[in-house]
Amino acid sequence: HARDIRDRPAQFGPGLGNAHLVREHRALTRPLRIGRSASRAGGDGGVAARRAVVRWAVRLFRREWRQQALVLALLGVGVAAAIFGASAAYNVAPVPGNAEFGTANHLLRFDGSDPEVLEADLAAAEEWFGTIDVIGLRQVPVPGLFEPLDVRAQDPQGAYSAPMLDRREGRYPTAAGEVAVTDGVVEKLGLAIGHPFALDGAEQIVVGLVENPSDLNAEFALVAPTAAGRPESVTILVDSNDDRVFAFRTPSLSRRSPRLENEGVIAAAGVLAASAVAMLLVALIAVASFVVVAQRRLRQLGMLAAIGATERNLRLVTVANGALIGAVAAVLGATIALLGWIAAVPQLETAVGHRIDRLDVPWWLIATSMLLAVVAATAAAWWPARAVARIPTVQALSGRPDAPKPAHRSAAPAGILLAIGIVCLAVAGDVADNERVYWTSALLIGTGTLATVLGVLFIGPLAIRALARIAARSPITVRLALRDLARYQARSGAALAAISLALAIPVAIVIVATAAEHTAAEGNLSDRQLLIRAGNVDGPFIPEPAELRGLRGQVERIVEPLVDPAVIPFDVAFDPAVEPDPRFDGRAAITLTVPTEDGRRQDLSLLYIANPEILEPYGLDLGAVDPDTEVLTVETGELSLTGAAGPSESVSNVVTITPGYSSVPGSFITPEALRQRGWEPAPAGRWLVETRSPLTSEEIAAARERAAAATLTIETRDQQEGLLALRTRATAIGMLLALGILAMTVGLIRAETASDLRTLAATGATSTMRRTLTAATAGALALLGSLLG
93 HARDIRDRPA QFGPGLGNAH LVREHRALTR PLRIGRSASR AGGDGGVAAR RAVVRWAVRL
153 FRREWRQQAL VLALLGVGVA AAIFGASAAY NVAPVPGNAE FGTANHLLRF DGSDPEVLEA
213 DLAAAEEWFG TIDVIGLRQV PVPGLFEPLD VRAQDPQGAY SAPMLDRREG RYPTAAGEVA
273 VTDGVVEKLG LAIGHPFALD GAEQIVVGLV ENPSDLNAEF ALVAPTAAGR PESVTILVDS
333 NDDRVFAFRT PSLSRRSPRL ENEGVIAAAG VLAASAVAML LVALIAVASF VVVAQRRLRQ
393 LGMLAAIGAT ERNLRLVTVA NGALIGAVAA VLGATIALLG WIAAVPQLET AVGHRIDRLD
453 VPWWLIATSM LLAVVAATAA AWWPARAVAR IPTVQALSGR PDAPKPAHRS AAPAGILLAI
513 GIVCLAVAGD VADNERVYWT SALLIGTGTL ATVLGVLFIG PLAIRALARI AARSPITVRL
573 ALRDLARYQA RSGAALAAIS LALAIPVAIV IVATAAEHTA AEGNLSDRQL LIRAGNVDGP
633 FIPEPAELRG LRGQVERIVE PLVDPAVIPF DVAFDPAVEP DPRFDGRAAI TLTVPTEDGR
693 RQDLSLLYIA NPEILEPYGL DLGAVDPDTE VLTVETGELS LTGAAGPSES VSNVVTITPG
753 YSSVPGSFIT PEALRQRGWE PAPAGRWLVE TRSPLTSEEI AAARERAAAA TLTIETRDQQ
813 EGLLALRTRA TAIGMLLALG ILAMTVGLIR AETASDLRTL AATGATSTMR RTLTAATAGA
873 LALLGSLLG
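Taking our numbering, the leading residue of the sequence shown gets 93, the next gets one more, and so forth.
It is worth saying that the hints were derived from the structure and are not from the lab.
Built from N, CA and C at the ideal position, the CB exists for glycine as well.
It cannot be assumed that every hint is accurate.
Claimed, not checked - Computed spacing ranges between beta-carbons, pair by pair:
#1 Leu828 <-> Asn745: 23 to 29 Å
#2 Asp247 <-> Val655: 18 to 24 Å
#3 Ala268 <-> Ser789: 32 to 38 Å
#4 Pro233 <-> Ile792: 48 to 54 Å
#5 Ala254 <-> Pro438: 18 to 24 Å
#6 Leu828 <-> Gly645: 36 to 42 Å
#7 Gly832 <-> Val467: 22 to 28 Å
#8 Ala564 <-> Thr860: 34 to 40 Å
Go ahead and model the full structure; you've got the sequences and the hints to work with.
Following this line, the structure appears as structure tokens:
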């Protein structure tokens, strides 16, 4: 409108159809002129001018809402990411304490070996503390399961244990002969509600499916407290102060544990860090957007300056527009985040390993995030508003951008900020268990993250200009796109910083999840292996050889359904001169030990007999091993051998091998050393089964069912489904977020070059060349964003 008034002033008048333009021109210019003259005279006419400018900014937003749709979408996505991230951080941190303590602040554990003493101690605890919650526990070997099954006797209506127990299907057990189990037990043993379950030598009926909602990875069976039998240990939960808890003493009390006092601090630190990073993303998106908006309105602002607007009035136009866009984006982003949160909770529960209440979100934090989004958008609009307001009026009317600043001006602060950020993040890694250090760590993480991202923001223009120089010999369309990014480096740098941060968030999550997850060469076993075990062969005593040799046929029947399985039996060394001890079930095997501080010996592992099949996964050829070598082991330290007729002997001829899978034996004696020492091999009751292809869930289930029938146990690879799901979903969501921000940012930037594209089209540029310009812009920002992110 201002350009029309400037170019065709004689056409405006009554009856020419442009009366509204005349009224708008008069309504805008009169307060501005009054405001300038009144401000010089010391009056309050500037208020009228500011009101007129704000009304004009609102009208421009209403008329140009289509042009600002991308800006709204960008900020809405940023606000949604901020609120979603804060809600996730709020729901993750305090749950590990709930899994063990429920709502109590202390737990006391009692030995259950003497029922009479235990009963007296529990009565004393109830009298001392008043309200207590009693949980009985015993471990029962179950055929087919590698680890003993935890059997809990717990009251579902306990005073403090509500966060530790929940019913998913069926009902809780209430009488003898009834049991409820977790979904992992159901899956591994093929159970269902109403089916019989052989538990501890008695047949139980499965009446329900239960879980620990604060730890979905906990597998256990629940029995009624009135029909639990004799427990191995009893845990009581209490809510009392430290002095009273540690003053309580009874004969069977074996452990006192206070709840970690910093759970709230950890949660607050996580929410603070997530909110700070997300709000920084919103601010960077807003800066990139408002730089484009300010450039789009450069001529309008120049005309406004020509009719009397001050620099303050010009800044107010862009700042008011930023506040309005921020308010709309806050409402839009909050709506998207809440709907997305409700939809994502089931998948997030699997990843983090505990139940999440969909409505348990920090509503105060959501309101604060919305307010901060408005503030961030307003503050982000101030910088481009300040830059545009300082452009001379004639240059603003011409629409030419300001000359790019030398890149070395941003290199120095970028280096300083990156150094500060790296140091803060490195120091924040050392966290101690006290509240002050937690808050210090949170402050260091926030400062380091902020400094790092600001360093990336400052280094963005330098990277853009360096890429433009490197691509000097590229095709003309690519060269034009890169030079255009360097020419408008203010908006390009802000857009690059936003894209980098959007990529850095999912990359950080993926790195953390990958670091915690076992790789293909790590973990307990590979995905092509099964470990079949008979009895307890982890301790220094093994069953008699006659009891184990007959199990080889049963192992062969277990692996029949597998495709081309190779069965590798393990033998241990024992000294025939040592007679079996009647106090123990089995014969003493040779054990690798190390000395302890109190002068005793600590068992590391049994000493197995080396053979070519066993050593192959370690990359060793038994024939190439030095004949003087006695022991090959993954252990280190002052090693000795115990279990022989004589005293412990130090081992000197040791070869250290690279650690392999944790459940596969890692200490071996060579056959020559075994013969020289006069020891003999004996079956260890372990068989490693290896197939050519990864085992399927159906094959594992069939093998486990056959093993249960033969009273053997099977161990398979720990798949770590939660970490895998977290990594996969973080990658997918993060890439979608980053690609969305990249696409909208490129669209916003290229939309401002429509006049340039029309000029190129008029001089003969084809549609392919014009599309190449946009593709080169997106590719350059994506490349630099990936590297910096």
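To see whether the hints hold, each was checked on the structure:
Taken as a hint, the range 23 to 29 Å is violated for the pair Leu828 and Asn745, whose Cβ atoms sit roughly 58 Å apart. The given range of 18 to 24 Å is broken by Asp247 and Val655, whose C-beta atoms sit roughly 48 Å from each other. Checking the proposed 32 to 38 Å range against Ala268 and Ser789 shows it holds: the Cβ atoms sit about 34 Å from each other. Checked against the given bound of 48 to 54 Å, the beta carbons of Pro233 and Ile792, roughly 19 Å apart, lie outside it.
Under the hint 18 to 24 Å, the C-beta atoms of Ala254 and Pro438, about 21 Å apart, fit the expected range. At roughly 55 Å, the beta carbons of Leu828 and Gly645 sit outside the given window of 36 to 42 Å. A beta carbon spacing of about 23 Å between Gly832 and Val467 agrees with the range 22 to 28 Å that was offered as a hint. For the pair Ala564 and Thr860, the supplied restraint of 34 to 40 Å is violated, since their beta-carbon distance comes to about 22 Å.
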